Structures are given as C-alpha cells and as structure tokens.
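Novice: Read off the chains here:
There are 2 protein chains.
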Amino acid sequence: MDAEEFRRRGKEMVDLVADYLENIEDRPVYPDVEPGYLRSLIPTEAPQDPENYEDIIKDVERVIMPGITHWHSPNFFAYFPTASSYPAMLADMLCGAIGCIGFSWAASPACTELETVMLDWLGKMLQLPECFLAGTHGQGGGVIQGTASEATLMSLLAARCKAVRRIQATNSDMSEMEILSKLVAYTSDQAHSSVERAALIGGVKMKKVPTDEHYAVRKDMFMKMVEEDKADGLLPFYFCATLGTTPSCAFDKTEELGPLCNEENMWMHIDAAYAGSAFICPEFRPLLNGVEFADSFNFNPHKWLLINFDCSAMWVKKRADLIGAFKMDPLYLKHENQESGLVTDYRHWQIPLGRRFRSLKMWFVFRMYGLNGLQAYIRKHVVLAKEFESLVRADKRFEICADVVLGLVCFRLKGSNELNQNLLKRITQCREIHLVPCQLSGRFVLRFAICARKIESHHVQKAWQHITQLTFELLQEPEH
Amino acid sequence: MDAEEFRRRGKEMVDLVADYLENIEDRPVYPDVEPGYLRSLIPTEAPQDPENYEDIIKDVERVIMPGITHWHSPNFFAYFPTASSYPAMLADMLCGAIGCIGFSWAASPACTELETVMLDWLGKMLQLPECFLAGTHGQGGGVIQGTASEATLMSLLAARCKAVRRIQATNSDMSEMEILSKLVAYTSDQAHSSVERAALIGGVKMKKVPTDEHYAVRKDMFMKMVEEDKADGLLPFYFCATLGTTPSCAFDKTEELGPLCNEENMWMHIDAAYAGSAFICPEFRPLLNGVEFADSFNFNPHKWLLINFDCSAMWVKKRADLIGAFKMDPLYLKHENQESGLVTDYRHWQIPLGRRFRSLKMWFVFRMYGLNGLQAYIRKHVVLAKEFESLVRADKRFEICADVVLGLVCFRLKGSNELNQNLLKRITQCREIHLVPCQLSGRFVLRFAICARKIESHHVQKAWQHITQLTFELLQEPEH
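Chains G and P are the protein sequences, given in the same order. If you use UniProt numbering, the first sequence corresponds to residues 1 to 480, in order. If you use UniProt numbering, the second sequence corresponds to residues 1 to 480, in order.
These aren't lab readings, by the way, just hints derived from the structure by calculation. Note that the structure is predicted; figures quoted are calculated from it, not measured. Treat the hints with care, since some could be wrong.
What the hints assert, rightly or not - EDC-like cross-link-like pairs, simulated, lysine to aspartate or glutamate; straight-line CA separation at most 20 Å: (1) P:124 with G:49; (2) P:318 with P:336; (3) G:124 with P:51; (4) P:414 with P:189.
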C-alpha cells in the first residue's frame with residue numbers, strides 16, 4: 001500500500017470509525033458468541049499473496065464485530081470506563097506516523113520532553129504538591145506507564161530496593177535474601193488483584209488490611225498489624241493505598257495512614273486508577289488529601305479523562321528512588337546529553353524498554369477540552385450515577401451497598417446471593433445492557449458504572465427500566 | 001469535537017501522516033535541540049477553555065517536529081528498526097475506535113480470539129514446532145506482549161515459580177526464600193540489558209556466560225559454569241538465549257544449549273527480538289534451529305515485520321506454566337465461560353491487566369502483504385546490509401567487526417577507540433545520517449542497521465559517501 005492508497009483508505013477508515021461510534025447503540029452491547037467462534041471464520045494460515053483491502057474491511061463486520069463487547073456503547077456499565085475521544089484518536093494517528101521509540105531522551109527528545117511537561121500540566125490540574133512535579137529543578141516528576149498494574153509494580157520494586165539499602169546500611173550482617181524474607185507489604189483487602197500480583201512478582205510478602213464498614217483502610221487496624229509484624233521480627237516497608245477501589249469505589253484514609261507510613265519509613269503508594277480523574281474538580285479534590293505523605297501516586301487518564309488506552313499517569317516525589325532501582329546503561333543506549341541533569345531517560349522509570357509517543361494524546365485532549373471541558377465531563381458522569389442511585393433507592397425491593405461518591409453504584413436485590421446472580425444472568429443474556437458483579441461483605445452485588453462518553457440521562461433511565469422489568473419477571477417465577 | 005468535525009480533521013490527519021512520511025527525507029534525521037528545549041515553547045499549564053484545533057496542528061510543526069529523531073527516515077541507521085506500515089496504521093485507527101480492553105475473553109472475545117489465531121498464523125510462518133501453537137487442543141500458544149523486556153520477565157517469573165515448586169516437592173524442608181537465594185539464571189554477556197533487569201526484578205541471581213569469537217554462547221563454557229555452580233550448592237533454573245544480539249546480531253548455539261537445559265531442568269527462553277522476523281524466510285530459518293528445546297520464544301514483529309509498535313510475539317510450550325505463576329480471579333473479572341477450557345484470559349499471560357486490540361495490526365499486515373511480500377521485505381534489507389558490508393570491506397581504512405548475517409553491519413576505522421568515537425561524533429553532529437555505537441571485545445564499534453521501510457540502495461551509497469567524507473576530514477587533522 002503506497003501513500004496514495006493510504007490517503008484513500010485512511011479517509012475511508014475515518015468514516016468507518018465515525019460511523020461505528022455514531023451508531024454503536026444499534027449493536028447489542030455484549031456479544032452472542034461461544035468460545036472458539038472466530039477460528040472457523042478465517043483461514044488457518046496467512047495468505048501467500050496480498051489480499052484485497054476491501055475483503056479485509058468486509059471481514060471486520062463479518063469476523064470481528066460479532067465478537068466485540070462494545071465498551072463505548074451507552075449501554076455499557078461494566079468494570080470501569082475506558083476512555084475514548086476524537087482528539088485522542090487524532091493524536092494516536094500522529095503517534096503512529098512519527099513512530100519513534102522514546103526509551104531515552106536522544107531516541108526522540110520531543111517524546112520525552114512533552115511527556116514530562118504534560119505530567120506537570122496534569123499534576124497541576126490535580127493540585128498535586130509541588131514536590132511531585134518535575135519543573136526545571138524538581139526532584140520529582142511524572143511518567144506515563146501502560147497500566148496501573150505496572151505503576152504499582154514499579155513503586156513496589158523501588159520501595160524494595162530502597163528498604164534493602166537502608167536496612168543493610170545499619171545491619172551490615174544481614175544478607176539481601178534475609179532482608180527480603182522479612183519484608184512485608186500491605187494493602188487493603190479491597191485492593192485490585194494487581195497489587196497482590198506485584199508482591200508475588202517482587203517476591204515479598206503482602207498482607208491485606210481489613211477495611212471498615214465503608215470498605216476503607218483506617219489507621220487503627222493498620223497500625224495494629226504493623227506493630228504485630230514488627231514484634232514478630234518482620235520489616236514493614238510498603239503500603240499501597242487505594243483511592244476508589246474496584247469493587248465499590250471506596251477511599252482509604254490516606255490522611256491518617258500517610259503520617260504513619262512516614263514515621264515507619266514505609267513507602268506509601270496511592271493507586272487511584274479510576275477515581276483520580278475526578279480530582280481535577282475542586283469539589284472532589286479533598287478525596288486526594290493525604291497525597292502529600294505519599295512517595296508515589298498513580299491514576300489512569302485512560303479510564304475517565306478522555307485519553308484512549310494506554311495512558312496511566314504516575315508521579316514520584318524522588319525520581320532517584322525509581323530510576324535508582326534498575327538503572328542500566330549499555331553503550332548502544334548511551335547518548336552525549338545523558339549526564340546533563342536536565343535529561344530524562346524514561347526507560348529507567350518503567351518495566352518495558354520501548355515506549356510510544358503517548359503524551360501527544362494528553363496534549364491534544366487537554367487543549368481540545370480545556371480544564372473546564374474535562375471537569376464538565378466528570379461532573380456529568382457523577383450526576384448520572386446519582387440519578388441511578390435515586391432510582392434504586394426509590395424501589396424498596398433493592399438496596400444500595402456502598403456510598404456513591406463518583407460514577408459507580410453498587411446495588412442488589414434485597415435477598416439471597418442466588419437471587420442476585422440470577423438477575424445478573426438475565427441481564428447478561430438479554431445483551432441490552434452490560435454489568436459485572438462484585439463481592440462486598442460476602443454479598444453478591446451488582447456494579448453499575450457510568451462509562452460511555454456519550455451517555456445521557458435517558459440511557460440510565462432505560463437501563464433501570466430494563467433491570468426492573470427483568471426483576472419483575474424473575475420474582476414472578478415459582479421458586480422465588 | 002463531534003463526529004462531523006472528526007470526519008474532517010481525521011481526513012486532514014491522514015494527509016498529514018502521508019505528507020510526513022512521503023517527505024521525511026527532507027528533514028534532518030537527528031534533531032538539533034538542547035535538553036529542556038520544549039518546556040519554553042508551550043504554556044506552563046493546561047488551558048482553561050478549549051483551543052482551536054488549527055493551533056494544535058501548527059504547534060506540531062513548531063514544537064514537536066524540531067525535537068523528533070525520525071526513525072522512519074531512510075537516513076536512520078541507529079539501534080534496530082522499528083516497524084511502520086500503512087496497513088498497520090489503518091488497523092490501529094480501528095483499534096482506537098473499538099477501544100476495548102481485552103484482559104479476559106468476555107471483555108471482548110474477538111480481541112482474544114483473533115490474537116490466538118494470529119499467533120498461530122505467525123508461528124506457522126516461522127515453522128515453529130507444533131507444540132508452540134494453540135490450535136484447538138494444544139497446550140501451547142502465543143500472546144502479544146508489549147515489548148521483549150516484558151516477555152523475558154514473564155518467562156523468568158514462570159521459570160522461577162516452576163523451579164520453586166519442583167524443588168519444594170522433593171525438598172520439603174527448604175523454604176521458598178532459601179530456594180530463591182540459591183536459584184541462578186544465565187544469559188550471554190552480549191544479552192540485552194533487559195535480561196539482567198528481569199533477574200533484578202525477580203530477585204534472583206543472574207550470571208553472564210562469556211561468548212566465543214563470534215559473540216555466541218557455546219555449550220562447553222555454559223556447561224562448565226552450570227557444573228561449578230551446582231558444585232557450589234546453587235540451583236541453575238533459567239537460561240535466556242539470544243538469537244540476534246543487540247550489539248552485533250550474534251546467535252547463541254541453541255541446538256547445543258537446548259538439550260543441556262532440558263537435561264538440567266532449566267527453562268530455556270529464546271529472545272530473538274530483532275532477528276526473529278527473518279525466520280519467515282526459509283533461508284534464514286536454520287538460525288532458529290534448537291527452538292524445539294525451548295520452553296518459550298519471543299521476537300518483535302514491531303521491529304522488522306511491518307507492524308507498528310507495540311507488538312512483541314511470545315509463545316510458550318505449556319501455557320499452564322505461564323498462567324499458573326500468577327493466576328488471580330477476583331469476582332469482577334470472572335465470567336461464565338471461564339472454565340470451558342476453550343477460553344484464554346490473556347491477563348494471566350502478562351504483567352499489565354489491560355491490553356489493546358493489537359492483533360488487528362497483525363491481521364491487516366499479514367493480509368495486505370502476504371507471506372511473499374513479507375519475505376521480500378526482509379530479503380531486501382539483508383541485501384542492503386550486504387551492500388554496505390561490501391563498501392566497508394573495499395576500503396582498507398575500515399574493518400568489519402562481526403559476521404553480517406541479517407540487516408546489521410558492525411564496522412570501525414582501524415585504529416583507536418578515540419578515533420572511532422570522533423568519527424561517530426561528527427556523524428551525529430552533521431545530522432545527515434544517524435547511527436549508534438556498541439562495544440565488542442573492548443573496542444568501540446559503529447553499528448549500521450538497515451531500518452527504514454522505504455530505504456533503497458542509493459540511501460546506503462549516500463550514507464557511505466558521507467561516512468568516508470567525514471573520515472577523510474577527520475584523518476586530515478593534525479592529531480591523527
């Protein structure tokens with residue numbers, strides 16, 4: 001395909017993209033396919049000779065679309081949102097064309113420098129403490145990770161390295177393995193599975209702190225665990241706080257927990273993967289209070305800030321902590337500006353070596369929406385969640401299972417877990433809307449997350465009508 | 001920006017992309033900017049209100065382009081290639097529009113299933129042993145990782161977990177920490193820095209095996225190290241072989257090394273990040289011989305197979321080894337088809353949870369090029385590398401420093417490292433072509449990698465003329 005054909009096909013693709021997103025509501029949100037459906041629809045081997053582009057495009061509708069869960073449908077209320085916007089898609093096209101790999105400053109200075117400045121822009125939108133910003137002389141700074149899982153892992157590895165060095169400095173007789181065997185990390189019993197996974201990867205113990213009736217970690221319980229572990233000869237070194245847990249969007253009490261972590265020389269990482277975007281609104285910013293005690297902070301603009309996946313924003317107070325853990329400089333990656341102090345080589349900040357020019361997406365979105373536009377977007381979603389909450393509360397057959405703070409509503413039918421499992425099964429089978437469950441205090445709960453960029457009040461109303469209709473049918477059945 | 005405006009802006013962007021790539025040769029390949037150049041060119045904060053799209057596009061030329069290292073310029077010969085093609089870019093546009101997150105089968109069945117089948121297609125192109133393919137009943141299978149670094153890390157973690165379980169099964173008195181402290185991994189002294197980094201992350205020792213005069217690991221040296229370590233009470237568990245090392249594109253002797261690893265119960269991972277693409281050509285396939293002994297194999301189609309970053313293909317013989325290491329199933333990620341045996345939940349195969357629909361790029365590229373087109377592309381690059389090799393060999397002032405097998409030529413001026421450093425410095429400062437160095441046997445060596453999709457013989461000839469012109473000037477100077 002030469003440039004001339006690309007100009008034609010690219011413009012057709014732009015229309016295909018716009019058509020897909022404009023008409024997404026006409027498609028069932030959840031696909032009706034069985035595992036293995038796709039293999040029989042395409043050949044078993046790649047073609048020997050080039051095919052026609054038209055045939056590929058026809059196959060998008062024939063092969064791909066029947067198996068798509070349409071995350072951007074206004075009938076999609078599952079998991080948490082994944083961001084999508086036209087400015088981000090335009091920036092991604094440019095990113096693909098430039099196609100640079102930004103592992104070091106020299107590998108494409110603009111790729112690195114725009115990222116540093118965009119993370120400063122975003123940090124200011126969140127009113128992050130100055131110490132997290134890079135500026136021109138700061139010790140902190142931000143980086144785009146692929147996902148929150150990687151940000152958590154990087155923070156845990158940096159904390160592990162820092163703890164080993166600190167403990168060895170005062171206990172020179174302790175081997176690294178001995179220290180590692182005594183290190184203990186903590187997180188909420190509501191934390192995302194990726195946090196526990198980070199500890200498994202890092203080869204350190206992780207303990208789950210029981211949460212209060214709002215599913216939040218509080219100081220008293222956490223301090224008790226730390227004290228007991230210290231008495232047992234263990235070495236507490238890391239706490240991953242969650243602001244906006246996945247099951248119920250609960251918020252750990254970081255204002256209480258942060259000072260304790262600081263006193264105990266424990267690294268505090270804050271994972272606000274979903275909720276973080278809301279902190280750009282002054283009325284939600286208090287939820288981030290306590291970040292001043294954290295060593296690192298992360299959230300996903302690719303969830304709720306209109307920047308297509310992947311774009312997970314992470315800041316550290318001391319970038320030396322992060323890059324000190326794994327800095328390696330083979331000759332083929334060295335460059336002459338490396339030691340100037342002004343240069344950031346992002347490969348030391350992350351697990352992968354290569355990286356795309358993802359900050360272009362941030363730049364396009366921030367400028368095309370402006371802070372006001374982004375705040376309006378967040379607020380609209382929160383209003384819609386509250387609207388859904390009111391509908392649930394007005395129906396005595398249902399109950400709300402957790403505080404509705406942002407865009408997630410956890411609810412259930414009063415009654416058995418089985419009853420709620422049956423309700424969700426019917427919802428899934430109808431394919432008109434899509435939700436996923438969670439477990440709260442042993443109860444099977446339905447999660448209703450406001451997700452789509454183009455969702456309106458009437459979608460929420462229609463979803464609720466659908467849920468109550470299925471509830472009506474379910475409760476008619478003899479066994480209930 | 002609504003759909004209507006996106007249709008207009010998207011088509012403009014398609015032209016911008018085509019214009020950029022058609023005229024890329026007119027730009028200096030390496031940017032003339034100082035560290036920190038970008039910050040002063042844009043505001044210190046995000047705008048409060050939306051800006052004009054035209055202003056953003058103007059800023060691409062004003063702010064971004066001056067700081068770009070143009071990886072797709074035919075004058076770019078640095079690092080290794082990073083892939084770029086129009087079909088891949090079209091697929092990426094579609095990927096952005098669908099915008100699904102494929103962490104589980106249910107999260108978007110097409111995203112998971114197309115990936116499994118594309119990795120089978122690609123595995124067949126490489127003539128991988130059947131056991132690496134998923135098929136409908138296989139125990140193996142492929143996955144798209146973001147980068148080779150992540151593939152290496154995943155293989156090391158899986159090997160670590162498998163080794164601990166195996167050793168504990170027969171030595172129930174050994175604690176996990178005791179085992180970890182004795183585990184030892186190996187790789188070539190020419191291996192990529194990410195391999196050593198994987199061991200640091202995984203908290204295990206890694207030893208570097210000295211290479212022969214072709215920069216390859218051979219059995220005798222490796223066996224000696226393993227025997228000595230076993231005699232010292234250590235537990236060898238993992239070997240990362242490299243096919244196509246970063247410094248000189250050398251090939252470890254996997255046909256000798258594989259049986260040894262199998263006998264010693266060591267996991268053999270093969271990292272063929274760059275060279276792997278060439279194995280689709282029958283004449284280069286013998287370089288992959290020995291893969292039948294490996295537990296996992298990885299290469300980067302995003303380097304040399306025309307699929308834009310990121311797309312790193314990894315296969316394992318037993319997928320249970322990979323997913324068994326870190327499987328976690330919180331309720332919000334469970335789905336009803338999970339236990340059917342036919343379903344792949346790729347989140348268990350990788351470090352991140354989320355993932356884009358990257359197999360679309362493979363599907364578009366394989367179909368638009370066909371196997372013949374892809375082979376022709378590889379062969380053309382190899383021919384051009386040989387052409388450059390001939391030019392160097394014909395000039396008595398220069399020497400070739402390593403076998404030229406694929407698209408990389410390592411060469412230097414006969415003389416001191418300082419002389420070669422000065423030559424490279426001049427090349428970099430002229431910005432007409434771009435190369436990076438490596439170190440081979442203590443010597444400073446220039447790497448000339450065939451990179452761009454649109455490179456032709458005349459670019460290679462012009463590059464050599466430029467190098468010899470700069471050499472002439474350099475050797476004229478009094479100090480030489």
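Novice: Hint by hint, which ones does this structure get wrong, listed from lowest number up?
Specialist: 2, 4
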